[in-house]
Amino acid sequence: MTPPPAGPAKRRTALAAGTARKRISKPNAAMLPRIGDSLSFLFLDQARVEQDATGVKAVLASDDGPTVLAVPTAALSCLLLGPGTSITAPALRTLARHGTSVVITGSAGVRCYAGLVPEGMTSKWLQAQATAWADPTARTAIAERMYRMRFGPTAPQDATIATLRGLEGSRMKAMYKALAQQHRLPPFRRSYDPEDWDEQTSVNKALSAANSCLYGIVHAAMMALGISPGLGFVHTGTTLSFVYDIADLYKSELTIPLAFSLHDSTDPEGEARRSFREGLRLFKLLPRIVADLQDLLDPQDGHSRRDDAEEALEEITDLWDPELGALPGGRNYSSKGKN
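Read in order, the letters of the sequence shown are residues 1 to 339 in our numbering.
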């Protein structure tokens with residue numbers, strides 16, 4: 001029996017679903033240059049990662065047929081796999097043998113769901129973190145450094161943790177007030193209540209979504225270094241305490257201004273996530289996050305690793321392919337795809 005033709009509403013729904021599937025099926029491949037401690041990151045989505053006779057490769061589908069990228073396992077510290085990826089057990093074994101971490105993320109790194117840390121990874125940073133966390137004096141010193149990183153050169157030199165915490169609260173209130181005035185909004189109050197989510201303002205919804213994206217890329221950086229996300233120095237009591245510590249260093253620069261700019265959006269959460277996905281914005285933040293983590297746990301007199309990482313923030317290197325030669329990173333490998 002022939003089914004009746006679909007009505008206009010069903011046809012529109014099917015068309016929208018097909019368009020969405022086509023949009024998210026465009027693959028990305030991007031690699032950052034080596035940063036502190038020779039760390040390098042490769043992000044892939046919409047790809048199949050497998051092992052062949054020559055090594056690990058990523059197969060990316062496009063309208064012109066599959067594109068094969070050789071994965072430089074020996075030179076790679078962390079492989080981030082976004083939506084639509086699959087990986088074979090032999091490929092995982094090879095990555096583990098070369099000491100490469102594998103992290104399962106959301107699109108463009110906006111989430112961190114799970115990860116594989118190879119047994120041969122150095123424990124240098126985990127040991128430094130645990131040692132400082134267990135020593136009240138060292139823990140206080142790192143917490144103070146994190147607060148001072150937020151304030152910059154205006155931070156008072158002899159302030160206690162309690163004083164710095166109070167100053168940070170005042171700084172955030174002043175920022176909320178200034179941004180509300182800039183966008184001609186009523187006074188802003190941050191709300192986290194999930195039970196009253198539908199009643200939250202667009203700014204609150206966008207800020208929660210943007211912060212969640214930021215937590216994902218910070219978590220991925222920690223996994224690449226072998227650091228525990230649960231041993232925090234300012235936050236405590238959750239499995240992501242250190243993630244929250246580090247993410248707070250970037251909120252006033254990244255997530256808070258973005259949230260206020262979306263005050264009149266009809267989809268503030270979705271637009272916040274899309275903003276971070278565009279141009280792999282959070283992926284490019286990885287060098288700074290790694291440098292800040294290393295500076296906090298192993299400070300070097302008169303030198304900041306972040307200075308070394310600045311050059312890598314905007315640079316995405318080429319990807320090498322045995323058949324096609326050098327391919328530009330940070331782009332879609334479908335025939336019509338763009339970053």
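Note that these hints are calculated values from the structure, not bench results. We treat Cβ as the ideally placed atom computed from N, Cα and C, and that holds for glycine. Do not rely on the hints blindly, as some may be mistaken.
[Claimed, not checked] In silico SDA-like links for lysine to any residue, alpha-carbon gap of 20 Å or less:
1. 251 <-> 277
2. 251 <-> 274
3. 57 <-> 84
4. 177 <-> 165
5. 124 <-> 270
6. 251 <-> 118
7. 251 <-> 168
8. 173 <-> 57
9. 177 <-> 150
10. 57 <-> 111
11. 173 <-> 193
12. 177 <-> 97
13. 124 <-> 298
14. 251 <-> 240
15. 57 <-> 118
16. 251 <-> 145
17. 251 <-> 226
18. 177 <-> 257
19. 124 <-> 150
20. 177 <-> 145
21. 124 <-> 177
22. 177 <-> 190
[Said to hold, decoys possible] What follows is a set of in silico ranges between Cβ atoms, one per label pair, in the way DEER data are often shown:
23. 163 <-> 97: 43 to 53 Å
24. 183 <-> 161: 43 to 53 Å
25. 181 <-> 298: 12 to 22 Å
26. 184 <-> 238: 51 to 61 Å
27. 64 <-> 171: 44 to 54 Å
28. 178 <-> 63: 22 to 32 Å
29. 66 <-> 89: 15 to 25 Å
30. 267 <-> 300: 28 to 38 Å
> Is residue 251 within 20 Å of residue 274, Cα to Cα?
Replying inline: The hint holds at about 17 Å.
>> Need the status of pair residue 177, residue 165: alpha-carbon distance at most 20 Å?
In response: Distance of about 19 Å is within 20 Å: holds.
> Is residue 251 close enough to residue 226, meaning Cα to Cα at most 20 Å?
Replying inline: violated (24 Å)
> CA of residue 251 to CA of residue 168, is that 20 Å or under?
Replying inline: holds (12 Å)
> Would you say the C-beta atoms of residue 178 and residue 63 sit inside 22 to 32 Å of each other?
Replying inline: violated (47 Å)
> Taking only the CA atoms, is the gap from residue 251 to residue 118 under or equal to 20 Å?
Replying inline: Violated. Residue 251 to residue 118 sits at ~31 Å, over the 20 Å cutoff.
>> For a C-alpha distance cap of 20 Å, please report whether residue 57 and residue 111 respect it.
In response: Not satisfied, since the Cα-Cα distance of roughly 24 Å exceeds 20 Å.
> Holds or violated: are the alpha carbons of residue 173 and residue 57 at most 20 Å from each other?
Replying inline: Between residue 173 and residue 57 the Cα gap is close to 49 Å, so the pair fails against 20 Å, i.e. violated.
> Honestly, do residue 267 and residue 300 meet the 28 to 38 Å range at C-beta?
Replying inline: At 44 Å between Cβs, range violated.
>> Against the range 51 to 61 Å, how does the distance between the Cβ atoms of residue 184 and residue 238 compare: consistent or not?
In response: violated (36 Å)
>> Run the distance test for residue 251 versus residue 240: straight-line Cα separation, threshold 20 Å.
In response: It holds: about 16 Å lies between the C-alpha atoms, which stays within 20 Å.
> Is it true that the C-beta distance of residue 181 to residue 298 lies inside 12 to 22 Å, as the hint says?
Replying inline: With Cβ atoms ~41 Å apart, the hint is violated.
The structure fails hints 5, 6, 8, 10, 12, 17, 19, 20, 21, 24, 25, 26, 28 and 30 (numbered hints given earlier, in ascending order).
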